[in-house]
Every structure is written in C-alpha cells, then in structure tokens.
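Given these sequences and hints, build the entire structure.
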Amino acid sequence: MPETMLTGNSRRSPRTTLAVSGLVFAALCVFPLAAGEYQSGLLARYLVFGLFAMSFDLLWGYAGIMNFGHAAFFGLGAYSVGLVLKHFPFVGASLLAAISSAVVPLAFALIFGYFLFYGRVAGVYFAIVSMALSLMMQTLAIALDFTGGLNGLRGFPPLTLGIPGTFALPITGDLAPYYLTVVVCALLLLLSLKIVNSSFGRTIEAIRDNPDRTESLGYDIAGIQLTIFTISCTMAGIAGALYVPIGHISPEILGLLFSTNALVWVSIGGRGTLVGGFVGALVVSYLQYFLGAWLQNLWYIIIGVFFILVVLFRGGGIMGFLRNRTREGVGR
Amino acid sequence: MARRTRLLLPGIILLALVFLVPQVTFASGTGESQSIKLGFVNMRTGFGSIHGLHAYRAVKMAVDEINASGGLLGKEVILVEEDSHTEVDLALQKLNKLIKQDKAAATVVFVFSNILEAQLDIAKKEKHLLLGGGLNEGTFVNHYLFGAYAQPNQWIYPIMNWAAKDKGKKAYLIGSDYAWGRGSLDAAKKHLPDIGATLAGEDYYPLGTTDWAPAVQKIKDSGADWILPMVAGNDYVMFLKAFFDFGLKGKITVANTIFNEEDSPAFPPDIRDGLMTGATYFTSVPTAENKAFLEKLRAQFGKDVFMTNFGEAYYDMVMMWAKAVKTAGTTQTEPVIKALEAQGPFLGPQGKLTVDPKTHAYYMNSYLGKVNADGSISVVESLGESAPQPVVSTDARIVP
Amino acid sequence: MEQLAVAILNGLTLTMILSLIALGLAVIFGLRGVINLAHGEFFMLGAYAVVISDQFLPKYWAGLLLAPLLIGAVGWVVERLVIRHLYAKPLDTLLATLGLSIVIREGVRMTGGAGYKYTSVPFTGNLHLLGVDYPVYRLFLIAITAAAFLLVLYFFLFTKYGVQIRASIANREIAGALGINTSRVDQIVFIIGSALAGFAGAIMSPIIPLSPNMGVDFFAKSFLVVIVGGVGSFSGALAGAGLIGGGESILSSVIRPIIAQAFILLLAIVVIRFRPYGLFRK
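Protein chains in written order, with the numbering used here: chain R, 1 to 332; chain U, 1 to 400; chain Z, 1 to 282.
Worth double-checking, as some hints may not be accurate.
[Claimed, not checked] Below, simulated DSS-like cross-link-like pairs (lysine-lysine); rule was C-alpha separation at most 27 angstroms, straight line:
hint, chain 1, residue 1, chain 2, residue 2
1, U, 127, U, 100
2, Z, 117, U, 303
3, U, 249, Z, 117
4, U, 370, U, 165
5, R, 86, U, 125
6, Z, 59, U, 249
7, Z, 117, Z, 59
8, U, 249, U, 169
9, U, 189, U, 251
10, U, 60, Z, 117
11, U, 127, U, 103
12, U, 125, U, 323
13, U, 103, U, 326
14, U, 127, R, 86
15, U, 124, R, 86
16, U, 189, U, 169
17, U, 338, U, 103
18, Z, 117, U, 370
19, U, 60, U, 296
Quick caveat, the hints were computed from the structure, so don't treat them as lab data. Quick caveat, the model's predicted, so the values are computed rather than measured.
As structure tokens, then:
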C-alpha cells in the first residue's frame, strides 16, 4: 500500500532536501542555455505533463479517487484561456484568461464533484462516471463551432504577462513558456506538498484507507473528497493553461487517452509521491522521444506490459523502488 | 508522525536527465551541412492512413531521383518522414521538430485541411516553406505554401459536368462535417447552376461516423439522380458500402472524386465495375512521362504497385521544388519562393503543370476515369489542363 | 412512416450488437464486480478473426464460427493469467485490463498493419419489410444476434453451469458453501463474455471498417449500456442497449448525431448518480 512509501526515513535532513531542490531548480533554470530552444520547448511540454500527472496523483495516490475524466479539466483550462484570448482582444485579457483557467475547471469540479460525492458515488463507479464525463466533453468540443471543432482553437493573440502601460511580455516562442512552466510547476508542487503533509492531507488518506471508520469519527467524507477533487482538478486546469503556448488546443487533450496517460505516468513514477508524477511523465516522455522512432508500436506494448506488471505486483513505480533501496531498518 | 516526501533522489534523476539530454541530442546535431534535409509530415496511421503510403512512395521516388542526378547544390537530399497519426497536435509537434531540430530546408505536408491550417500558422512564424499536393477545397492561398493542389474547378467540376450531362439534374451533396467537406461542397454548390443542376439535398456527418444507413436512407428519399460525396478518409468507403448495401447501384449515380485503387478491394467486382470518378491523375494516364514514372515506381516498390492522384502530386511538387532550389542557388525560403513563382512549366506524369504566381497553385490536368471489375481504373476522357480558381477566404472553415 | 421504419430497423441493429457485447460485460461485472476494459479489444479481435479466416477458409461463415471459439480461448488465458489475481481489487482490475487493451490494440496494429481492412457481406440484396427496402444482411444480423442472446439465456437458465453461475452472482459465499466450484464458474463466465464480444465483432465485420481502434467506440457504448441497464441482468442489458443504441439512433435523425452522442453520455452520468446499479437491476 502506498502509505508504506510515505513513512519516510527521518534520517534525511530538511536542509539536504532543500539544497537538492534548490539545485534541481537551478539546473532547470540553466537548462535552456545548455540545450537550446527546441529542447526547452520539449522539456516545457513534459513538465506540463508532469504537473498534470501530479495533480492526478493528488487525487489517486492520496485520496484514492480514480478520475478518468482528469483530462477534461486540463482541457477546460486550455480552452478557457484560448477562448478568452480570442474573444476579448483587449488589454487585461491575459489576466482574465489566467484566472479563468483556474476558475472554470474549479467550477466544473465543484458541480460535478458535488453531484457525485454527495450522491455517494465512489470507487469503480466514480471511475466510470468520470470516463463518461471525459467522453462527453470531448464530443462537445468536436461538435460545437465556438470551440473550433475538430480543428481546435487557433488564431488568438498570445498570453501576455505584464502590467498595461509599463511592460508586456508575450509568452511566445520556446523560452518564455518554459520559464513560466518551471515556476508554476515548482509553486504548485510546493503547495501540494504542503497540503498532503498537513492534517487535511492525513484526513484524506484516512478516507482513502478506511472511509467507514473515518466517517464514524465524524468527518464529512463527501465534503473532504469534494475539496481535494476540486483542488486537483483546478491544478489540472492550470496545467492546461500552461499548455496553450506550448501545444495546440484541440479535442484530443480532453479525451480519455490523455487521462490514461496520467495514470500511466503516475503508476510508473510512483503513486502517492507527488514527485512521482513528474518523474513518470519525464521518464516515459523522454524514453518515447528517444526510442519512439526506433520502436514505434512496440513502445506502446512495452508500456502496456509494464503497466500490467506494476498493477499485478503492486510496484511502487520508480519512486517506490528508489525509496526501498534507501530505506534503513524498515521491513518491506 | 512526521511525514516526509523526499526530494533527494528524484532531484538526482531530474538533474541527470537535464544534463544528459543535451549531450545526446547535441551529438546528433553537428556536422549537418553536408546534406539538405527535406521534412515530410505524413499520415501513415490513423484516419488518413489510406493515402499515406502513396504519398510516401511518390516523395521517396522524387528524392531518390534528385539524388541520382547529383543531388541539390552538390549535396545529398535526405528525406525525414514523420507520422502525424492524422492528429493535429502531433502534426504540429512534428513540423516544429522538423523545422527546429532537423533544420529542414522545406517540409512536405500531407495532412487534412484542418491540420494544414494550423501548420500554416507555424510556417508563417518560422518563415518556412511548405510543399503540398493532391486536392483541396480552394481556400489555401498562402505565401509559404506551394502545392500541386487541384482546386475545386479542377477536380470537382469535371465529374459534375459529366453527371449533369448524362445522368440527370437532381444532385445530392453529402460530406464530412469539417473544413474540407464543407468547403468542397460549397464550391460544388456554386457550380450547380452552371450545369443546369438542382440541389436535391445536402448533408454533413462527423468524421468517424460508423453507421451510414440513416444517411443513405435520406438520399433514397430525396429523389436525387446523382450524388457528390465529399466524405473523408475511411468514412468514404463505409459510406459507399452502405450505399451499395441498400441496393442503390444503378439507381442513383455516384460522382466520385477521390475513389482510387486503394478503395477498390472494399467492394465486390460487380459493384465496383462501372463506377465513374474524376481526378488529376490515374495510374492509367496515357502520357510518356507516366510510363517512365510507373516503370521506376514498380522497379522500386513492386510490380503490382499503383499510384494515386494524392501521391503523384507530391512527386511533381518535390521535383519542382528541387528545380527552384537549383535556380535560386540556395535553400533559403524567400529566394526559393521567388524561383517557384517564376518557374516555367513542369512535365509530370499527369501532364504539364504551370504555376500561377498569384495563388501558388498550379494549372493541372483533369481526367475522367472508370473503375473496372478487377479494381483498376481506366482513363475514359482526358480533359486537358485548366487554370486554378481558388475560392479564397481568410478563414478556411466555412460555416453554412 | 417509411423513415420511422428505417430508423427503427437501424436502431435495432445497433441495439442487438450492443446488447451482445454488454451482456458479456454485465455477467462478468455482476459476478465479480470486475470490469474488463479490454472487452472492446475482444470485439475487435473477433472482427479480425474473420479477415484472417477468410484467407484460408470459406469466406465469412468459417470466421463467424471460429471467432467466438478463438476469442473465448483468449478470454480464458487472460482470466487465468491476469484477472484471477485481481478479483478482490476492482480498481486494479480496471487498470490491468486497461494495460491489456493497450497491448492488444498495439499488438494488432504492429502485426496487422495500421490501415483499415474490410470484409464483404456474405449476401447482398434488400428485403421489403415494414414498407421499406432494407438490406438482407442487416436483417440477418438482427436475427442471429437475437438467436445468440436466446442461446445464452437458455444456457444461464436451464443448464447446470448456468444455474451455478446465477447462484454465484446472487451470493458467492453460499454458492461456494454449497459445493459450487466458484473458480470454474469465474472462468466459464469470462470465456462466455469474451466469446460474445468476439462473435459481435465477427458479425459486424462486413459492415464497419476494421482497424485496431474499432473496439474502443463500441466498448464505450456497451459500457454505458451496462451502467444504465443494470449489472448482471439480462433484461437490463437488453433494455439498456435499447435505450442507448436505439436512443442514439433515433435522436440522430432529429438532431446532429454528434450532439445526440453527447446527450446520451450526459444521461448516463445522471443515471449512475441516481441509480448506480442501473435502471433495471432486479
């Protein structure tokens, strides 16, 4: 069970963790200088995937909620940004777009979550309903004109950071989106860590492990599930917003396939570790980048088999493996 | 109990990745100037895969021919093909990769209209030359695009003329619900009064529709004499199968424009025998260039191989690009564009192609073909070349 | 009037196919609470089985007979190797079968090629029915799926194994206590479910394009059928298929087909919320 991975080895000092995190962050900042624009664009894309995966892990690894519709919220964030920028081409639109990239998924999550959690829909049934949600959103995005249909959304001005009248930084090209992504990912990762290490985080895990007992202790299960669900989906929406300058807004990012990608990334990276989402997304994406052309279809088969093995043998993914290797005195 | 989510090890992994990746990619990034890269975003899998193979063969043949006669500007031309899975996002990713990472001199794009639109955005931003071909709905006029694309008047009107003359005046238009389907039928509608035909019905279906029975029923009820289907990719075969399953062969004529030997195997011999279609090229086009072309094609890919109008156009376009590069003396985008605009006629397997510098489209040749029981297509009428008449609009998505 | 008749017949075609696939899903789900996300791939394999058998054996008919046998066998292997270990953990089965569906899909893409394949109807021609001319093959399809449905129903109602299966669905523990070999029951149910999906694929093969992805859409719809119609119930599968399949068909003739699809999905979400065990759970 994931909680065995979370009872950390307290021999690790907070200072070391801070130092290493700082080192990683610095490395990410320097990366474009070493690798160039195209690679930075690629890493930015993979970091967005990592953020998406991390938000999925928040829900699945910590709250035990399997959300096959997670991509719908990613897509909502992306489409919100695109639609706002397209239809409000005046100063301040970017701010509105950024806000809506969080608010729109948040609102949907609240409504959808309220409808389901307070209806006591959980476990496998929640997974099924969320699947239907993903399909429905994707179908609507294809069907409706204002979302651009199958073509997707294009022809809107870029997201622009700045204060009207003083400076403006359009998020175009490869470098600006990259740095924006790195900063936002770091912030949301820190926020997520804070959440799971708080008492709220422990309550969520209690609900995951034994909902009946937790409820009998007086906790409002539905409310807590709704809260973490909303937080997770909002983060997915923000990831979607980050995706806009990097990729293309199209119905594909709303669909089931993208949600299952997050599932694969988290499983491989390590469920219930938050960082595992990033690790999984980066490792799988880079492996695909290097081996994809050579392996082609075989690549997906390898991923599929790996996935089945992880499920069958309850592996903790990459992070779980690493944790066990460095554990001292705690039996497996 | 204190909870710690450790960052040390993942940090090391990220660190390693961050510094390994550039090493690996840099290793392949140097020493490139001995060759010229020609990018190719193709549809080899997914919805549009029915055409991708022929486009590949045509482009490959052109590149091999160029290299066999000494390459371009003394350098070898290397074809870098990528598969877009007929998905917009992937197609854009691959185009970016070809431009930024592979430093392609130009990129051949064989994609659906909705994807081409988005790719043109990138081409404009990166000042990159895109080469296309086949056919389109007449709405792609762009500085960075040169394509041996048949315009609606070159690939739609000929078969419409034939149908109105021979089969009756009531036409039913059915298409896929996106830019190409709607745009093509829009252009077709404009032509109806010119041939004295009337619209018996008009219908659009989303890509990926699996049940065409309702569509066929509507056609039956409309009393139409002939139909003009603009149904994309694999949907086209499914629609026709349903159409014939309902016993409409011989009762309502199908004016095909995209039927080729790739589609034949889906239909039993008695059904496909006698189907009429119009295109800018068939394997059986009776020109000397085509004979030589087919010999080389079969020598390279097998003696039973055929070629479609989608593929042949790409062969022509790549050859014309190579000529322009030689004229310009460089692979830089602007000089090559100028050279392409000023280029004289090119003799391809379909016949003569001449550029229209204002639209970057070409004078192309139209043929009427008949499908035989064995699945092959014979040319029954050569209609000669016609000027391209694009239906220019700034937004290619035409909404009714 | 003619339009209505055709709409009904079209709806019936889709309904029957969906109910076959859904039945397979439903009994497995009803028995062990296990959802096989690779069920759509079994459908796809059944269709491809016809293409392959067409090359060596009499066209279509051999494939139609072989498909359920072959796919049933595949189902058995999957049950023994993977599903068996995960019965107690439904979410894990979901994941493992997801991985399996990817493996099967990509495996077919690699070996069979990514392009579309087609088979042909074994007989053409129309029949005049209810005032309309309707393709004979589609009528045959409706008839044969109905027959298959009845056959399976007979099996469940009147044979020894069928009774054992129904007992196990009703109460697994007591069934085991009564001496029923529940492990064998599990295997039989999985085999039957998979065979049904394969058979459905074979029947559909002449009228839809065959591609590695073809099972995905049908699976999604069948899944909705099981949810809406009820888990582990025959009448539920049929009724659900009628609602989903028929509903979409009929809706599609009045509003845009794609909007009809979205609407049906919304309906399913609402149904799960208020009746998680389906509308017709007995």
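Okay, the hints, checked on the actual structure:
no.: 1; hint: U:127 - U:100; result: holds, 12 angstroms
no.: 2; hint: Z:117 - U:303; result: holds, 22 angstroms
no.: 3; hint: U:249 - Z:117; result: holds, 22 angstroms
no.: 4; hint: U:370 - U:165; result: holds, 16 angstroms
no.: 5; hint: R:86 - U:125; result: holds, 18 angstroms
no.: 6; hint: Z:59 - U:249; result: holds, 23 angstroms
no.: 7; hint: Z:117 - Z:59; result: holds, 15 angstroms
no.: 8; hint: U:249 - U:169; result: holds, 18 angstroms
no.: 9; hint: U:189 - U:251; result: holds, 22 angstroms
no.: 10; hint: U:60 - Z:117; result: holds, 25 angstroms
no.: 11; hint: U:127 - U:103; result: holds, 12 angstroms
no.: 12; hint: U:125 - U:323; result: holds, 25 angstroms
no.: 13; hint: U:103 - U:326; result: holds, 19 angstroms
no.: 14; hint: U:127 - R:86; result: holds, 24 angstroms
no.: 15; hint: U:124 - R:86; result: holds, 19 angstroms
no.: 16; hint: U:189 - U:169; result: holds, 13 angstroms
no.: 17; hint: U:338 - U:103; result: holds, 21 angstroms
no.: 18; hint: Z:117 - U:370; result: holds, 23 angstroms
no.: 19; hint: U:60 - U:296; result: holds, 11 angstroms
Checked against the numbered hints given earlier, the structure satisfies every one of them.
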